[in-house]
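Novice: Sequence:
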Amino acid sequence: MVDFDPSAAPDSTRPTVTVVGAVSSPRSVRVTDLMAMRSVAVEDSTACDGEAPTSRWSGVPVGTILDRASPRSGAGHALVRSADPEFACGFALDRLRDALLAVCVDGDPIPADRGGPVRLIPPDADCWERVKRVSRIDVLEHPPGDADTARELALGE
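For the sequence shown, the working numbering assigns the number -8 to the initial residue and increments by one for each residue that follows.
No wet-lab data here; the hints were simulated from the structure.
Derived CB-CB ranges, DEER-like:
id	residue 1	residue 2	range
1	Gly98	Gly136	34 to 40 angstroms
2	Val31	Glu143	29 to 35 angstroms
3	Val11	Asp137	15 to 21 angstroms
4	Ser64	Ala138	20 to 26 angstroms
Where is the CB? At the ideal position from N, CA and C, for every residue including glycine.
Use the sequences and the hints to build the structure in full.
Specialist: Dropping the structure here:
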């Protein structure tokens, strides 16, 4: 993976999550917009190895943002991209709908070193599926194939 400087992640006034691809209404959503929406909270640990404390993550269900973008009838998959250009994780669209676009952890905005400003928190996820610094969701009609780099990069395969 290339060296990625999380401090260079976009600020809260710029579009930080864009939904594109097999949708009728592509969208860009700023962190401030996400913070203003109805929030949901979950308890989750984001560690890949060993025990780690559980944190309270809050934000907006991905389904809320997907509904606004109106996925086309043939869309069944998505690729969630990080601001790190080499990292992306594929999901079935139905599973992704239940994930959280978190903007706060333990009541505060998510710092860059914890994956902010926006972090994906899917239910019952493997560690590589908790995408840090979410920048884009590509809605797809087919599985993403080789573009899904998350597991390989996270586990060093």
